[in-house]
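> One letter stands for each residue in the lines below.
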Amino acid sequence: MIEFKNVWYSYDSHEANKAEGGKETKGASKTQADWGNAPDSPWALEDISFAVQKGEFIGIAGHTGSGKSTLVQHMNGLLVPTRGQVLVDGVDIANRQAAADARRHVGLVFQYPEHQLFAASVYEDVAFGPRNMGMPENEMDSIVREALELVDLDFEALRDVSPFELSGGQQRRVALAGVLAMRPSTLILDEPAAGLDPAARRELLALVRRLHTELNATIVLISHNMDDLAQLCDRILVLNKGRVHAFGEPARVFMDSAAMKNIGLGVPSAQRLANLLKEQGLFLPVPSSGLFTPESLVETLVKAYKEGI
Amino acid sequence: MAQSALFGRYWPGESPIHALDPRMKLTGVVIAMVAIFLAQGYAALGVAALFVAAFFIVARIPFGQAFKSIAPLLFIVLLTAFLNLFFIQSGEVYAQAGPFVISQGGIDSAIFLSIRLTLLLLCASLLTLTTTSIDLTDAFESMLGPFARFGFPAHEFAMVMGIALRFLPQFMDELRTIRAAQLSRGAHVSANPFHGGLQGLSSLMVPLFTSAFRHAETLSNGMDARCYHGGTGRTRLDPLAFSTRDLAGIVILLLMVACVVATNFLVR
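Chains as they are written, first to last, in the working numbering: chain A, 1 to 309; chain B, 1001 to 1268.
Honestly, the hints are just simulated from the structure, not real lab data.
From the three backbone atoms N, C-alpha and C, an ideal C-beta is built for every residue, glycine too.
Some clues are possibly wrong.
Which bits of chain A does chain B cover? Going by a derived footprint, with three or more residues having C-beta under 8 Å, they are [stated by the list, open to error]: (1) 67-79; (2) 103-110; (3) 126-133; (4) 171-182.
In silico negatives: residues of chain B with every beta carbon more than 12 Å from chain A [said to hold, decoys possible]: (5) F1067; (6) F1087; (7) V1093; (8) F1152; (9) P1207; (10) I1250.
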C-alpha cells in the first residue's frame, strides 16, 4: 500500500520556502525570470493526498506538466516530499535506507525504458536489478528466465544477444523484464505504450493486465489514453497543475466531460460518442458500469435501432 | 536545482552589454582577463574587481545570480587555494604538522589566487550570461574566418561548437532520468568505483552515449532534410555589425587595463 499524506513538492525548495514563509513580499522576489517552474507557482505538487490499496490497478492521467512523473518518483523514494509524507506499507520513505528498501517492493518503469539498457547481453541487463538487490547468484538463471517469460521473450534464444540488436518493441520488453526480475509487489509504469505501433501497444497493455490478474501485483499506470485507462483501471487519479483534480472510479471521473476537457483531457471515445449522441437528442440507457465501452455502446445502439427510435 | 545554476546559462535582458557585438564581448573578456592577470597586488585586484562589478551592474545581473552561475566551478578555486596554502612556503610560519606547513606566504597566495580566479570565472560567466550560444558561435565563426583561407574549417568548427552547447542541458536532463531509472533498479551509482560501482557507472554512461548517437543521427537527418550543405554561400538573417557602442566597450576595457597597471605602480 502506498499512501500520500499532504505531499507538497518543489524542485526549488529554497524558492518554495520563501513563497510559503510569507516574510518576504512575493512580488519583490519574483521579478526575475525563473526557469523550469511556472513563475506563479514554485510547487510541482500541491497538497496531494491519496492511497493506493494493495492489489489495486490505479491510473494516473493529466496534461503534460501536470506532475504525473514527479508524483510517481515519490512512490519509490527517488524524490522526497518538500512537505508531507509518503508511506509505503506504513513506513515513511523519506530517509535513504527506507527508500532503498521500498525500491525492492516498488518497481518503477520509466518512459522509454529501452533507453536505459546498457549491458552487453540481455541476461546481464535483466540480472542487474536482482543482483543489486542481493538476490542469490545461484538462482539468477531462474530469476532471469522467469522475468523474460513474463514478457513473452525466449530465454534460450535471447540470453546472450546484445539488447541493442533487438527491435524497439523487444527492447522495451527486456527493459520491463529488468524491473520485473526484482519481483516487485507494486509496479509503476510511466506511459509504457508510448511510441509503440498499435499491435505492440495492445500486447503490452494485455501484458500489464496479466501481471495484475495473475501475479496480483498492484499497478500504477500513467497514460494519456483515456480509453486504456477506462478499460484497465479500478480507480483513476487525475492531476491538474500539481493538484488532485479527481480520484475515483472511471465512471465517476469521466462523468463530468466538460471539466475534463477544461484541463486538457478527454473522455473515453465510446463515452464521447454517447455524449455527442445525447447532445443530438438520442438518449441511450446508461450501462450498469456508468461508462460506455465500445462493446456496450454497440450493443445498446443495436438494441435501440431494433426497437426503433 | 542544479539546472538553473548551470554555468553561465543565458540570462535574458536588454542591457547595453547584452546588445554588444558578440565578437567584441569575446575580445573584451580576453582583455579583461589580461587586466586581471596583470594585477599584482590587492589594490590592483580591487580596481579590477570594481570594473567587473560595474559590468555586472550595467548588465543588470544580480550578484547572487552571478555567483550562483559560477558555483559549480568554485571547487577549482577552493582546490587552488588549498594547494597554495600548503605548497607555498615563505615568511612567518603559523602552523606545522609533519610535512605540512602553513606560512604567511601560503596564506597570501591562497587568498590572492582565490580572488583572481573568482574574478576570471565571473568574467567568463558574464560573457555566457549575456550572450546566446548562437551569437557566441557566430562570433567564433566570424573571428576564425581569416583562417579559413588556409583551409581551417571555421564554419564547421563553429557549427560543432554550437551543437555541443545546445545539447549540454539536454544531456544533463537525460543523465538525470537515466540515473533515476538505474537507482530504481537498486544501482549504486554513487558508490566507489572499485566495488561494484564500475557497473553502476557503465549503467549511466552506456545509455548516455547511445542517446548521444541517437540524437546525432536524428539531428543529421534533420539538417539534411532542411538542405544544410555547409557554410559556403550561406547568408545571414542578422549579420554581425560592429558599432560605436562596441568601440566604446573596447575603450572601457583598455581603460581597465590601464587603471590596473597604474595601480600596480602607485601602490607598492
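> If a hint holds in the structure, say so; if it doesn't, say that too.
A quick look at each hint next to the structure:
no. : hint    : result
1   : 67-79   : holds (count 3)
2   : 103-110 : holds (count 5)
3   : 126-133 : holds (count 4)
4   : 171-182 : holds (count 3)
5   : F1067   : holds (14 Å)
6   : F1087   : holds (37 Å)
7   : V1093   : holds (42 Å)
8   : F1152   : holds (36 Å)
9   : P1207   : violated (5 Å)
10  : I1250   : holds (29 Å)
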